[in-house]
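Those protein sequences? They're chains H and Z, same order as listed.
Quick note on numbering: the first sequence equals residues 2 to 324 in this note's numbering.
Quick note on numbering: the second sequence equals residues 103 to 398 in this note's numbering.
Fair warning: there could be bad hints in the mix.
Said to hold, decoys possible - Here chain H is said to cover these stretches of chain Z; the calculated rule only asks that three of the stretch's residues, wherever they fall, bring their Cβ under 8 Å from a Cβ of chain H:
#1 204–210
#2 329–340
#3 384–392
It is worth saying that the hints were derived from the structure and are not from the lab.
The beta-carbon is built from N, C-alpha and C at its ideal position, and this holds for glycine as well.
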Amino acid sequence: MDAAALGLVRRARWRWPEVVLWLLAYAALLMPPGKFLILNEIAILALFALSLDLILGYAGIVSLGHAAFFGVGAYTAGLLAKHVTGDPLAGLLLGAAVATVVGFATSLLVLRGSDLTRLMVTLGVAMVLGEIANALPGLSGGADGLQGVTMGPLLGCFDFDLFGRTAYAYSLTTLFLFTLLARRIVLSPFGLSLMAIRRNPLRAGALGVPVNARLIAVYTLAAAFAGTAGALLAQTTAFVSLDVFEFHRSADVLLVLIIGGAGWLYGGIAGAVIYTLLQDGIAAFTPQYWQFWIGLLLVAFVLVGRQRLVGGLYAMLGWARRR
Amino acid sequence: MLLHLYLRAMSAMATILFDGVAYGMLLFVLACGLAVTLGLMNFVNLAHGAFAMAGGYVTVVLMDRFGLPFLACLPIAFAAAALLGLVLERTLYVHMYGRSPLDQVLFSIGLVFMAVAFVDWAMGSSPQNIKLPAWLQGRRDVFGVQVGIYRSFIIVICGGLALALQLALMRTRFGSRLRAAVDDARVARGLGIPVSTVFAVTFAVGSGLAGLGGALGAEILGLDPNFPLRFMIYFLIVVTVGGTSGIVGPFAASLLLGVADVAGKYYLPALGAFMIYLVMIAVLVLRPHGLFARPR
Numbered sequence: 002m003d004a005a006a007l008g009l010v011r012r013a014r015w016r017w018p019e020v021v022l023w024l025l026a027y028a029a030l031l032m033p034p035g036k037f038l039i040l041n042e043i044a045i046l047a048l049f050a051l052s053l054d055l056i057l058g059y060a061g062i063v064s065l066g067h068a069a070f071f072g073v074g075a076y077t078a079g080l081l082a083k084h085v086t087g088d089p090l091a092g093l094l095l096g097a098a099v100a101t102v103v104g105f106a107t108s109l110l111v112l113r114g115s116d117l118t119r120l121m122v123t124l125g126v127a128m129v130l131g132e133i134a135n136a137l138p139g140l141s142g143g144a145d146g147l148q149g150v151t152m153g154p155l156l157g158c159f160d161f162d163l164f165g166r167t168a169y170a171y172s173l174t175t176l177f178l179f180t181l182l183a184r185r186i187v188l189s190p191f192g193l194s195l196m197a198i199r200r201n202p203l204r205a206g207a208l209g210v211p212v213n214a215r216l217i218a219v220y221t222l223a224a225a226f227a228g229t230a231g232a233l234l235a236q237t238t239a240f241v242s243l244d245v246f247e248f249h250r251s252a253d254v255l256l257v258l259i260i261g262g263a264g265w266l267y268g269g270i271a272g273a274v275i276y277t278l279l280q281d282g283i284a285a286f287t288p289q290y291w292q293f294w295i296g297l298l299l300v301a302f303v304l305v306g307r308q309r310l311v312g313g314l315y316a317m318l319g320w321a322r323r324r
Numbered sequence: 103m104l105l106h107l108y109l110r111a112m113s114a115m116a117t118i119l120f121d122g123v124a125y126g127m128l129l130f131v132l133a134c135g136l137a138v139t140l141g142l143m144n145f146v147n148l149a150h151g152a153f154a155m156a157g158g159y160v161t162v163v164l165m166d167r168f169g170l171p172f173l174a175c176l177p178i179a180f181a182a183a184a185l186l187g188l189v190l191e192r193t194l195y196v197h198m199y200g201r202s203p204l205d206q207v208l209f210s211i212g213l214v215f216m217a218v219a220f221v222d223w224a225m226g227s228s229p230q231n232i233k234l235p236a237w238l239q240g241r242r243d244v245f246g247v248q249v250g251i252y253r254s255f256i257i258v259i260c261g262g263l264a265l266a267l268q269l270a271l272m273r274t275r276f277g278s279r280l281r282a283a284v285d286d287a288r289v290a291r292g293l294g295i296p297v298s299t300v301f302a303v304t305f306a307v308g309s310g311l312a313g314l315g316g317a318l319g320a321e322i323l324g325l326d327p328n329f330p331l332r333f334m335i336y337f338l339i340v341v342t343v344g345g346t347s348g349i350v351g352p353f354a355a356s357l358l359l360g361v362a363d364v365a366g367k368y369y370l371p372a373l374g375a376f377m378i379y380l381v382m383i384a385v386l387v388l389r390p391h392g393l394f395a396r397p398r
């Protein structure tokens, strides 16, 4: 094996903090009911952020419209449950599949132009989809949202309960499986080529990496992840509204990923935990204006320097591990 | 009978065209500051609408609480937004030049969130109204076409501003310094041009114009705490579709956008803003540097 392959194998080894994280996440299922709704929210947000991480953190595509795929997945799963079958897994698969198709179709649009053009195009795609949903109230429920979504039992035997225990277990397991998949993908030669593209697309192309094909592949893949997250939201809350396509959703997930650290597999999960707890905490003492503090945090975060902050944290962790 | 119907349709179309032009002119004044910061200086400032909102709310407060006449409020709205822009540029934005677009996006989204929540807290979330003076209200019949007086007023003011800006950018010493600073800041600095002062003044004027646009447009666009988010995409469309070499492109793009939006809402209300976004995506994919620009 050459050095690059050896490096990948070494990095692909499981470390104990990862194992502890997942054990803790599953152990939370044994808690008395009361916190499952927020845990479910965190798991879905983490999956959504993980999907953004694939394109932003690994391939370097800045997107301001990632909610497009989240929304497509949510509406697909919601409509399927309302009109055809309440089976959760069927909805999850179909939501991911439709989002994949939309992702592939729009991936061709993000290949061209500068970061600014990409920002605008991704933002525009989310806006267009939002307008379509708005213009078809018969299908989407319009401003009232999609009502009457009823879910069948999971795997035919676990009913979705009022406290959200089943919902959390369902979302967490989906997140776990998709994290495994993402882990396998980014720690492969494919993942390495993505990072090469992010650093320098021109040089990556000169080295023989098919830049456009790789970008299309990862964008489509990220759309599938985001669609799954959207489907989870639709199924576990039994409701979809136009809000799934809105700008603030795309901005929030960007914020979540940046807080957790982009370009790192657990960045989305860390960010989702911190962001949701923060939002919950701020909303407890100022329910209406929590957005102000999130904004302030964001400005301070960028001014101090993302790299310095997150990098400093990693340096501290590395220092602790070496001791 | 047919002729009559035809004439009616024509006059409706002329009214729509007129309203669209007024709307486009307004968009231009709102967005031209962004055309300079984003188009020329390459700074992705999603918070531009916040300065427009500041101008609008300053006008509301001055008119409602202090009873100032509408016309007197306009220069104050400009000055207040310009001052806000200058202070923020000197304290915060100056650290963001040359950073990655992602950092600039995050930073300015943070500012937008803060502005939205702050205005919500200070002024409440309900939409604000501006009471126009009586002489600006109503419509007049000009050759069978219904012409809004306030919209004519907007066209005159904004058209004059566009002309003045183009002359300032192309014919004055400051304009050539700005163009030099944008083309190559290092060389410009070496030639003794005070680049950071030029940028600060430009940013302040752009913010001030946005504030003026916010004051003028409160009647037509509506004014509530979500203003910066609602119109962010419109401003970005003007700049990216218009292209980034000068302000002629953004001006043409504003007019196009204004007419297309008004006509679209009149003839195809079900589609909403759908067409505009679609056109924007098509333009950006086919001509990433904008409709009216040469690629740099």
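Output the indices of the hints that this structure fails to meet, ascending.
As far as the earlier hints go, not one is violated by this structure.
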